[in-house]
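Enquirer: Protein chains in written order, with this note's numbering: chain A, 165 to 473; chain B, 3 to 245.
Derived by calculation from the structure, the hints in this document are not laboratory data. Keep in mind that the hints are not guaranteed to be accurate.
To be verified - Think about it this way: if two alpha-carbon atoms lie no more than 27 Å apart in a straight line, the pair counts; the simulated BS3-like pairs of lysine-lysine are:
1) A:Lys373 / B:Lys24
2) B:Lys4 / A:Lys181
3) B:Lys175 / A:Lys373
4) B:Lys4 / A:Lys199
Unchecked claim - Covered stretches of chain B, as calculated for chain A (at least 3 residues, CB under 8 Å):
5) 3 to 15
6) 50 to 59
7) 188 to 199
8) 203 to 210
9) 233 to 241
Glycine included, C-beta positions come from ideal geometry on N, C-alpha and C.
In case you want the letters, here they are:
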Amino acid sequence: MNLKVTLPTTQGDLVLKNPIMSAAGTFGYGIEYEKVMNLDCLGAIVPNSMALTDGQPSTARRFYQSDYGFISSFGANNISYKTFIHEILPRLPYETTPVFIDIKAYDLEELTEFVSILSEVKELAGMEINLNCPYGNYAVPSYWKNGAQLEEMVRKVKAVAGKKILWFKAPTAEYPVQQIVDAVQDNGGDAFVSFNAIGGYSVDIETRKFRCGSGGGGGYSGPGIKPYALMCAHNSCKTAKIPVIGGGGIVCARDVLEYIMAGAHAVQIGSANLMRPDFMERLIEELQELMDKMHIESLDEIRGCAEYI
Amino acid sequence: MKDFVTRSRILRCMDIQFFGGKTYREFEIASDENFEAGQYLMIRTGNREVNWPSPYFIHKKTAGGLVVLAREDQELYKSGLNDCVEYWGPRGTTPVDGKESPILVTEQGARFAVYPFICGNAYNRLIIVGHKREDIGQNSEMVEYCEEIGEISGLIGKDESPVIGAFNPAAAKAFAKALSEERKKNTYIFVSNKKACGIDGCKGCYLHNDDTSFGINVCCKGPFMPLGIIDFEVDGRCFETFL
Ligand SMILES: Cc1cc2nc3c(=O)[nH]c(=O)nc-3n(C[C@H](O)[C@H](O)[C@H](O)COP(=O)(O)O)c2cc1C
Numbered sequence: 165m166n167l168k169v170t171l172p173t174t175q176g177d178l179v180l181k182n183p184i185m186s187a188a189g190t191f192g193y194g195i196e197y198e199k200v201m202n203l204d205c206l207g208a209i210v211p212n213s214m215a216l217t218d219g220q221p222s223t224a225r226r227f228y229q230s231d232y233g234f235i236s237s238f239g240a241n242n243i244s245y246k247t248f249i250h251e252i253l254p255r256l257p258y259e260t261t262p263v264f265i266d267i268k269a270y271d272l273e274e275l276t277e278f279v280s281i282l283s284e285v286k287e288l289a290g291m292e293i294n295l296n297c298p299y300g301n302y303a304v305p306s307y308w309k310n311g312a313q314l315e316e317m318v319r320k321v322k323a324v325a326g327k328k329i330l331w332f333k334a335p336t337a338e339y340p341v342q343q344i345v346d347a348v349q350d351n352g353g354d355a356f357v358s359f360n361a362i363g364g365y366s367v368d369i370e371t372r373k374f375r376c377g378s379g380g381g382g383g384y385s386g387p388g389i390k391p392y393a394l395m396c397a398h399n400s401c402k403t404a405k406i407p408v409i410g411g412g413g414i415v416c417a418r419d420v421l422e423y424i425m426a427g428a429h430a431v432q433i434g435s436a437n438l439m440r441p442d443f444m445e446r447l448i449e450e451l452q453e454l455m456d457k458m459h460i461e462s463l464d465e466i467r468g469c470a471e472y473i
Numbered sequence: 003m004k005d006f007v008t009r010s011r012i013l014r015c016m017d018i019q020f021f022g023g024k025t026y027r028e029f030e031i032a033s034d035e036n037f038e039a040g041q042y043l044m045i046r047t048g049n050r051e052v053n054w055p056s057p058y059f060i061h062k063k064t065a066g067g068l069v070v071l072a073r074e075d076q077e078l079y080k081s082g083l084n085d086c087v088e089y090w091g092p093r094g095t096t097p098v099d100g101k102e103s104p105i106l107v108t109e110q111g112a113r114f115a116v117y118p119f120i121c122g123n124a125y126n127r128l129i130i131v132g133h134k135r136e137d138i139g140q141n142s143e144m145v146e147y148c149e150e151i152g153e154i155s156g157l158i159g160k161d162e163s164p165v166i167g168a169f170n171p172a173a174a175k176a177f178a179k180a181l182s183e184e185r186k187k188n189t190y191i192f193v194s195n196k197k198a199c200g201i202d203g204c205k206g207c208y209l210h211n212d213d214t215s216f217g218i219n220v221c222c223k224g225p226f227m228p229l230g231i232i233d234f235e236v237d238g239r240c241f242e243t244f245l
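Kindly generate the complete structure, drawing on both the sequences and the hints.
Expert: Following this line, the structure appears as structure tokens:
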């Protein structure tokens, strides 16, 4: 039995040791977890989102741990890529575990400049373009909201990405799956990450205040949204010719198999990393045990096998 | 690699009631770790289907473990004898160097945060801001009361011992205002914003700071931070209120 996953890309096959990777924003920059687990056990590492320059933590309350999920509103919660490339990346096991940077940018010009810079960084396997872009630029609606703009964005980013693999990550919203997947794959995207978060709010009835975020809430993720996120993954898989990376609400190995059976190649783990820091290492072991128990030889054998009743 | 997260259990739990009549619960968690006052354990209980960890200050080491205090609004409070918990830590950094005993300044609602220093007898004065209430706790004879936070500076006087403060947000701001810039240099305050991971992973606890690249970490470097670095106007909205 093996957990290996092969993602066909425009740059050749990307082989991951297993389908488990971190989701941006929930695993620091990786090095914080050096003492917690063997980073090299992961399929891939996606550190916190990055921008060209340092951000500053949001000044509103940033999160609320609700009964079934996590509401987060972290704002420009990023260090600059320079700090990451020079001080952090050399400490990550990039030779054996591909590292993908999730990118946030203020506009298309910044986005292409950023991708072009990162395309020269040999230690990186690729970039994950966050479809919440343009980020922090409230005058311009997110590119995904306009089909032509999204296509232009994917095309321009692809044109400067050199030999890097490009993933595109769903926005924090309910989104038209087919249009977005088509725009990504038709313009050079290598993979699609099918879920980010949906909006969520919570009110403290004692203080009569919203519990986090300057606008009342933030992105809601975690086990409570798994059925919805699984639907996003499955619908993406139905229309995608490129690999789909699923995620949203995974807290155990059974959840991982659900995503794979719904068609995903690999999965991202988000808020479960905030339940216990060594979560992903344990999940990989649990996945191995579960597959053994279920006599599943490889993930290829079960990918997309779920049938409608 | 030693497991970072320890699966443990509750060896003892006991209600304690000495903070202005408020009930807290003390839990002894099986552990062979040591700690320093101001450090905390991230503890995850098995009480809910979806379990989020929370930080709990450690105030005592026993033969069998570490003792922490849970407020009524915290998940651990609902746990009982022999319940399983997972913990990682001790996390955080003590603000005391062991050479000079600090002056503790607090108010009833936030007094739990200085409790570890009281239990360790690692203080030389305890000043409570607010009206005098019945005090059943140990060392209560050493408590001084101060009606108004603005009087703090006078009460501390020329005493040069370090000061450790723990307050609700409004009082914390007033406390910072009451101290001179010089006095702030030797003063630490409990930064009460929420901590999700306790290992600098989520960046959820950071304070804003214009002078450094991307803010200041609280969960590992704090949660007691030098008062002078805190910008209450900018970060104050993130601080928690303890009733
Ligand atoms: C605390 C926190 C911070 C996050 N920050 C980012 C981010 O900066 N960029 C991003 O693309 N997604 C971010 N996300 C979304 C996650 O990457 C992930 O898509 C989401 O949490 C869904 O997975 P989950 O249900 O397993 O948590 C964040 C999520 C959390 C909980």
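Enquirer: For every hint, state whether the structure bears it out.
Expert: Consistency of the hints with the structure:
no. : hint                : verdict
1   : A:Lys373 / B:Lys24  : 24 Å, holds
2   : B:Lys4 / A:Lys181   : 23 Å, holds
3   : B:Lys175 / A:Lys373 : 20 Å, holds
4   : B:Lys4 / A:Lys199   : 9 Å, holds
5   : 3 to 15             : holds (count 4)
6   : 50 to 59            : holds (count 6)
7   : 188 to 199          : holds (count 4)
8   : 203 to 210          : holds (count 7)
9   : 233 to 241          : holds (count 4)
Going through the hint list in order, the structure satisfies each hint without exception.
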